Amino acid sequence: MLKKIAVGIIRFYQHYLSPLKPAAYRCRFYPSCSQYAIEAIERFGFGKGFILSLFRLASCHPWGHGGVQPVPEEWPGWKRILCRKRG
0 MLKKIAVGII RFYQHYLSPL KPAAYRCRFY PSCSQYAIEA IERFGFGKGF
50 ILSLFRLASC HPWGHGGVQP VPEEWPGWKR ILCRKRG
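If you read the sequence shown in numbering that gives the first Met the number 0, its first letter stands for residue 0, the second for the next number, and so on.
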């Protein structure tokens, strides 16, 4: 249930709010942060997907490099998530 609600909210953002942002403020990652969140939530469920999405959003700042950062195929584990090097 939470999974469907979260994905619905993100899709609403993608279709109606994200296009309103100037190009300079669009996501520098591929897939975009919102698409990453959808894939993470669908792959790992709401709880773990939400955590992965938060860490992805935390790496989005003016000094970040961006680039390609796909959702992991398998759950990386808490230690790897908390200790990973972020851009």
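Please keep in mind that the hints were generated in silico from the structure rather than gathered at the bench. All values derive from a computational prediction rather than experimental measurement. There could be a bad hint or two in this list.
Claimed, not checked - Quick list of simulated restraints, FRET-style, between CB atoms:
{"id": "1", "residue 1": "Tyr15", "residue 2": "Cys82", "range": "29 to 39 Å"}
{"id": "2", "residue 1": "Trp77", "residue 2": "Glu41", "range": "33 to 43 Å"}
{"id": "3", "residue 1": "Ala22", "residue 2": "Cys82", "range": "16 to 26 Å"}
{"id": "4", "residue 1": "Tyr15", "residue 2": "Trp77", "range": "11 to 21 Å"}
{"id": "5", "residue 1": "His64", "residue 2": "Gln34", "range": "17 to 27 Å"}
{"id": "6", "residue 1": "Ala23", "residue 2": "Gly46", "range": "30 to 40 Å"}
{"id": "7", "residue 1": "Gly63", "residue 2": "Met0", "range": "13 to 23 Å"}
{"id": "8", "residue 1": "Gly66", "residue 2": "Met0", "range": "26 to 36 Å"}
{"id": "9", "residue 1": "Gly7", "residue 2": "Cys59", "range": "35 to 45 Å"}
{"id": "10", "residue 1": "Pro75", "residue 2": "Tyr15", "range": "13 to 23 Å"}
{"id": "11", "residue 1": "Ala22", "residue 2": "Trp74", "range": "26 to 36 Å"}
{"id": "12", "residue 1": "Ala22", "residue 2": "Met0", "range": "34 to 44 Å"}
{"id": "13", "residue 1": "Pro30", "residue 2": "Pro61", "range": "17 to 27 Å"}
{"id": "14", "residue 1": "Arg25", "residue 2": "Leu53", "range": "12 to 22 Å"}
Where is the CB? At the ideal position from N, CA and C, for every residue including glycine.
- Does the structure break any of the earlier hints, and which numbers would those be? The structure conflicts with hints 2, 3, 4, 7, 9, 10, although it agrees with all the remaining ones.
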